[in-house]
Amino acid sequence: DTEVTQTPKHLVMGMTNKKSLKCEQHMGHRAMYWYKQKAKKPPELMFVYSYEKLSINESVPSRFSPECPNSSLLNLHLHALQPEDSALYLCASSITPAGNTEAFFGQGTRLTVV
Amino acid sequence: GESVGLHLPTLSVQEGDNSIINCAYSNSASDYFIWYKQESGKGPQFIIDIRSNMDKRQGQRVTVLLNKTVKHLSLQIAATQPGDSAVYFCAENPGGGKLIFGQGTELSVKP
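In order, the protein sequence lines correspond to chains A and B. Per the working numbering, the very first residue in the first sequence carries number 1; after that it's consecutive. Per the working numbering, the very first residue in the second sequence carries number 1001; after that it's consecutive.
No lab work stands behind these hints, which were simulated from the structure alone. Think of the CB as a built atom: it goes at the ideal place given N, C-alpha and C, for glycine as much as any other residue. Check the hints yourself; a few may be wrong.
[Said to hold, decoys possible] Below are the PhoX-like pairs computed for lysine-lysine, each with C-alpha atoms no more than 20 Å apart in a straight line:
hint: 1; chain 1: B; residue 1: K1068; chain 2: B; residue 2: K1056
hint: 2; chain 1: B; residue 1: K1068; chain 2: A; residue 2: K41
hint: 3; chain 1: A; residue 1: K9; chain 2: A; residue 2: K38
hint: 4; chain 1: B; residue 1: K1042; chain 2: A; residue 2: K40
hint: 5; chain 1: A; residue 1: K41; chain 2: A; residue 2: K53
hint: 6; chain 1: B; residue 1: K1098; chain 2: A; residue 2: K53
hint: 7; chain 1: B; residue 1: K1068; chain 2: A; residue 2: K9
hint: 8; chain 1: A; residue 1: K9; chain 2: A; residue 2: K19
hint: 9; chain 1: A; residue 1: K41; chain 2: B; residue 2: K1056
hint: 10; chain 1: B; residue 1: K1071; chain 2: B; residue 2: K1098
hint: 11; chain 1: A; residue 1: K22; chain 2: B; residue 2: K1068
hint: 12; chain 1: A; residue 1: K38; chain 2: B; residue 2: K1042
hint: 13; chain 1: A; residue 1: K9; chain 2: A; residue 2: K40
hint: 14; chain 1: A; residue 1: K19; chain 2: A; residue 2: K40
hint: 15; chain 1: B; residue 1: K1056; chain 2: B; residue 2: K1042
[Claimed, not checked] Under 8 Å between C-beta atoms, here's a sample of chain B residues computed to sit facing chain A:
hint: 16; residue: D1031
hint: 17; residue: G1097
hint: 18; residue: K1098
hint: 19; residue: L1099
hint: 20; residue: G1104
hint: 21; residue: S1108
[Unchecked claim] Sample of chain A residues with no beta-carbon within 10 Å of chain B, all distances over it, derived:
hint: 22; residue: V4
hint: 23; residue: I56
hint: 24; residue: V60
hint: 25; residue: T101
Hey, can you work out the whole structure from these sequences and the hints?
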């Protein structure tokens, strides 16, 4: 199994809503990542989890709250988002947290904030 | 800040021709580089990687070249096919567990 699975594929939420994005991998990878991608732009790193602990937060606003319940799961909790937060949210995983091995990406969650 | 960038935002080639996509990086500490292909509505897909102790690496129809002297990375695609049409990103590992993406090149293959 070399898949990173993200749910939901599409999400529309209001600015007062609370929602969560989910990511799952069963490759035994010990690093997991959240990226944000706007149209026609490269993915931007948001968070890195290393052995289930948050190791990197790229100064992401607190309305985005990551969680890693176990080595296979990664969540991104969303609250009080703004329309400019609309984007494709990508999850990735890699064997080690060193950043020097291939990162496998999921298909992303297309988020629209209204 | 330091960043990874691409020389050409768009590239249009004829089917069967070879394609060359370039990338400039500025972080001299980066020791690992990846090329990703991203099709519309999908996540980035790994194509090939290279470590800083290598100058060249070949895969199936693809070759990555690394020139550390001028901090330049290129992806060569042989006999480009319509299915190769996508946005191509280079990414670098500057250390600290990060993987940072460059700006991307959109490759369009004309039949």
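Cross-check of the supplied hints:
For a cut-off of 20 Å, the pair hint linking K1068/B to K1056/B stands: about 11 Å separates their Cα positions. For the hint linking K1068/B to K41/A, the alpha-carbon distance of about 25 Å lies beyond 20 Å, and the restraint is violated. Among the hinted pairs, K9/A with K38/A is consistent with the structure: their alpha-carbon atoms are about 16 Å apart, no more than 20 Å. Taking the CA atoms of K1042/B and K40/A, the gap is about 13 Å. The hint holds against a cut of 20 Å.
As the CA atoms of K41/A and K53/A are separated by approximately 28 Å, the hinted pair breaks the 20 Å bound. In summary, the hint linking K1098/B to K53/A is supported, as the alpha carbons are separated by about 15 Å, within the 20 Å threshold. With a C-alpha separation of about 39 Å, the suggested pairing of K1068/B with K9/A is violated against the 20 Å cut-off. Restraint check for K9/A and K19/A: the C-alpha separation of about 13 Å stays at or below 20 Å, so the hint holds.
For the given pair, K41/A sits about 27 Å from K1056/B by alpha-carbon distance, which is inconsistent with the 20 Å threshold. Straight-line distance between C-alpha atoms of K1071/B and K1098/B comes to about 18 Å, which keeps the hinted pair within the 20 Å bound. Distance hint between K22/A and K1068/B is unfulfilled; the C-alpha atoms sit about 38 Å from each other, more than 20 Å. Between K38/A and K1042/B, the direct Cα distance comes to roughly 13 Å. Compliance with the 20 Å bound is thereby established for this hinted pair.
Of the supplied pair hints, the one linking K9/A and K40/A holds, its CA atoms being roughly 19 Å apart against a limit of 20 Å. Between K19/A and K40/A, the direct Cα distance comes to roughly 25 Å. Violation of the 20 Å bound is thereby established for this hinted pair. Taking the CA atoms of K1056/B and K1042/B, the gap is near 28 Å; set against the 20 Å cutoff, the hint is violated. With 8 Å as the threshold, the beta carbon of D1031/B comes within range of chain A, its nearest partner Cβ sitting at about 7 Å, so the hint holds.
With 8 Å as the threshold, the beta carbon of G1097/B comes within range of chain A, its nearest partner Cβ sitting at about 5 Å, so the hint holds. Because the smallest distance between the Cβ of K1098/B and any Cβ of chain A comes to about 5 Å, under 8 Å, the interface hint for this residue holds. With a cut of 8 Å, the hint placing L1099/B at the interface with chain A holds, because the nearest CB-to-CB distance is about 5 Å. Interface restraint check for G1104/B: the shortest CB-CB distance to chain A comes to about 5 Å, inside 8 Å, so the restraint holds.
Because the closest C-beta pair between S1108/B and chain A is about 14 Å apart, greater than 8 Å, the hint is violated. The claim that V4/A is not at the interface with chain B is violated, since a C-beta of that chain comes within 10 Å of its own (minimum 8 Å). Non-interface status of I56/A relative to chain B is broken: a Cβ of that chain comes within 10 Å, the nearest being about 6 Å off. For V60/A, the condition that its CB be more than 10 Å from all CB atoms of chain B holds, with the nearest at approximately 14 Å.
Listed as a non-interface residue, T101/A fails to keep its Cβ farther than 10 Å from every Cβ of chain B; the least gap is roughly 8 Å.
In summary, the numbered hints that this structure violates are 2, 5, 7, 9, 11, 14, 15, 21, 22, 23, 25.
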